[in-house]
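Asker: The lines below spell out each chain.
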Amino acid sequence: MIKNRKLELITLVAVLAFIIVFLSVSAEGTHEFAGSDTVGSGKIAELTGLSVDSFPPLIPQYVPPSGEVEATLFALQAAFGGVILGLVFGYWLGQRKISSHL
Amino acid sequence: MHIMEGFLPWQWCAIWWIIAIPFLVMGVIELRSLMRKDREYLPLLGVCGAFIFILSALKLPSVTGSCSHPTGTGLSTTCFGVFITSIVGAIVLLFQALVLAHGGLSVLGANMCSMAIGGPVAGYIIYRLLKNTKVNIYVTVFIVAVVADLVTYIITSLELALAYPAQVGGIAASFTAFFAIFAITQIPLAIVEGCVLTLVFKYVIELKPEMIIKLKVFSEDQITKARGASDAIPSEVKS
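Top line first, the protein sequences correspond to chains Z and S.
At position 15 of the first sequence (counting the first as 1) the number is 14 in numbering that gives the first Met the number 0, and the numbers step up by one without a gap.
At position 48 of the second sequence (counting the first as 1) the number is 47 in numbering that gives the first Met the number 0, and the numbers step up by one without a gap.
One chain only, chain Z, in its complex shape (with noise of 0.2 Å):
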C-alpha cells in the first residue's frame, strides 16, 4: 500500500520540509519576504546608481492600487486555473465510469 502511494508520500514529504523550513527561516524576523520582482528592481536601481521610482514605465499600465486588490487578482487567477483543472478530472472521471458499465 505504502510503495504504491509513494509519489504522493515524497510529495508531502516536500510540502513539509517546505514549510518547516519557511517557518525556521521566517522565526528569525530578519527577512521581509519580499517579492524576488521588487528585490530584483531595486538590485537595478543600485547597480546604475538611480532610483526605484526613476524607471517610469516604457508603455503606461494599469496598476492595482492596493495589495488587497491585487491578492483579489491572483486568487481569481488560480481559481480560474483550479475550476478548468476540476473540470477536466471530473470530465474523465465521468467518462471512465459511463466506459466501464458498458
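By construction, these hints were calculated from the structure, which means they are not laboratory data.
Any given hint could be a false lead.
[Stated by the list, open to error] Facing chain S, from chain Z, some residues (calculated, C-beta under 10 Å):
#, residue
1, Val14
2, Ala16
3, Phe17
4, Phe21
5, Ser25
6, Glu27
7, Leu46
8, Tyr61
9, Phe73
10, Ala74
11, Gln76
12, Leu84
13, Leu92
[As the list claims (entries may be wrong)] Pair by pair, the computed Cβ-Cβ distance ranges are:
#, chain 1, residue 1, chain 2, residue 2, range
14, Z, Pro59, S, Ile186, 31 to 37 Å
15, Z, Gly48, S, Lys224, 56 to 62 Å
16, S, Val134, Z, Lys96, 29 to 35 Å
17, S, Val62, Z, Leu75, 25 to 31 Å
[Unchecked claim] Taking lysine-lysine pairs in the BS3-like style, the calculated list, with each CA pair at most 25 Å apart, reads:
#, chain 1, residue 1, chain 2, residue 2
18, S, Lys213, S, Lys133
19, S, Lys224, Z, Lys5
20, S, Lys130, S, Lys207
21, S, Lys207, Z, Lys5
22, S, Lys130, S, Lys215
23, S, Lys58, Z, Lys42
24, Z, Lys5, S, Lys133
25, S, Lys36, S, Lys207
26, S, Lys215, S, Lys36
27, S, Lys36, S, Lys130
28, S, Lys224, Z, Lys96
29, S, Lys213, S, Lys224
30, S, Lys207, Z, Lys96
31, S, Lys213, Z, Lys96
32, S, Lys133, S, Lys207
33, Z, Lys5, S, Lys130
34, S, Lys130, S, Lys224
35, S, Lys207, S, Lys224
36, S, Lys130, S, Lys213
37, S, Lys133, S, Lys224
38, S, Lys215, S, Lys133
39, S, Lys36, S, Lys213
Owing to the predicted nature of the structure, the values given are computational and were not obtained by experimental measurement.
Every residue gets a Cβ at the ideal spot worked out from N, C-alpha and C, and that includes glycine.
Following the hints, put chain S in place on chain Z, whose structure we already have.
Answerer: For chain S alone, kept in the frame of chain Z given last:
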C-alpha cells in the same frame, strides 16, 4: 521572475520581443493543427494550462527571505512541447501584465523569453534526452519540471545582466548578483513544483493513458510499466 515594466531599456525589450514572436507563431500553428486532429486533447491542454495559471499565481516564501512563484510550465512542455507551452505561458504573462502590473507590455517579450520559452526549451531538451532511456517516466517529468522552473529564473538573471552589466566585473558580476536574487530563491520552490507536477502527471496517466500514448509523449511500454507500479492502489478509482 517578472522584469518590471520600465526596468528594461527599449532596445532590449525589442530584442526579446523579436526572439519571442517566432515561438508564438509556431505555437499558434501547432495548436491549430492539434485541435483539427482531435478535440479530445483540449481537456489535457486545459489541465496543463490550469497548472501554469495556479502555480504562477502563488508567491511562495523561500529560504532566502524573499518570495517567488513557481512557473508550472513543465507539465505542458512534457505533453505538448515548447511551442504550445509558449502560447499558454504568454497568456498568463499577458494577464499579469495587464491587470496586475507584474511585468508589462514592453517587457512582455523578455518575460516570455524566460518563462514561456526559455524554461520550456530547457525542459524539453531534458525530456528528449531522458525519453528513450530506462529512467522512470515520473523521474523524467520531475526533472523536466524542476529544470523548466530554474532555467526560467536563470534566463531572467541573464536578461537583466545583459541590460545592466556591473561597473566592476561587467555582465558576469551582475549575472551573479541577479542569479543570487532569483535563482537561489527558486531552488526549493522548483523541487516542490516538480513533486506536484509529477503527481498530476501520475493522475493523468491513470485516467487517460491512451492520450499520452497517442501524443507519443512516452511509449506504451513505459506507460504500462509506470501504471503497473501504481495500478494496485486505486481500487476505488479502478472499478
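Asker: Taking only the CA atoms, is the gap from Lys36 (chain S) to Lys213 (chain S) under or equal to 25 Å?
Answerer: Given that 25 Å is the threshold and the Cα spacing comes to 11 Å, the pair holds.
Asker: Once the shortest beta carbon distance from Leu46 (chain Z) to chain S is found, is it less than 10 Å?
Answerer: Result: holds, 5 Å to nearest chain S Cβ.
Asker: Is it true that the CA of Lys207 (chain S) sits at most 25 Å from the CA of Lys224 (chain S)?
Answerer: holds, 15 Å
Asker: Return the status of the interface hint for Phe73 (chain Z): holds when the least beta-carbon distance to chain S is below 10 Å, violated otherwise.
Answerer: Phe73 (chain Z) check passes; min Cβ-Cβ to chain S is 5 Å, inside 10 Å.
Asker: Holds or violated: is there a CB of chain S closer than 10 Å to the CB of Leu84 (chain Z)?
Answerer: Because about 4 Å separates Leu84 (chain Z) from the closest Cβ in chain S, which is inside the 10 Å limit, the hint holds.
Asker: Need the status of pair Lys36 (chain S), Lys207 (chain S): alpha-carbon distance at most 25 Å?
Answerer: Roughly 17 Å between the alpha carbons, so the hint for Lys36 (chain S) and Lys207 (chain S) holds.
Asker: Tell me if Leu92 (chain Z) is really an interface residue toward chain S, meaning its C-beta lies closer than 10 Å to one of theirs.
Answerer: Holds, about 7 Å.
Asker: Check the hint pairing Lys130 (chain S) with Lys215 (chain S) against an upper bound of 25 Å on the C-alpha distance.
Answerer: Between Lys130 (chain S) and Lys215 (chain S) the Cα gap is close to 10 Å, so the pair holds against 25 Å.
Asker: Take the C-alpha atoms of Lys213 (chain S) and Lys133 (chain S), compute the straight-line distance between them, and say whether it is at most 25 Å.
Answerer: Satisfied, since the Cα-Cα distance of roughly 20 Å is no more than 25 Å.
Asker: Just to be careful, I want the Cα atoms of Lys207 (chain S) and Lys5 (chain Z) compared with a cutoff of 25 Å; is the pair within it?
Answerer: holds, 20 Å
Asker: For the pair supplied as a hint, Lys213 (chain S) and Lys96 (chain Z), confirm whether the alpha-carbon distance does not exceed 25 Å.
Answerer: holds, 21 Å
Asker: Check whether the Cα positions of Lys130 (chain S) and Lys207 (chain S) lie no farther apart than 25 Å.
Answerer: With Cα atoms ~19 Å apart, Lys130 (chain S) and Lys207 (chain S) stay inside 25 Å; holds.
The earlier numbered hints are all upheld by this structure, with none contradicted.
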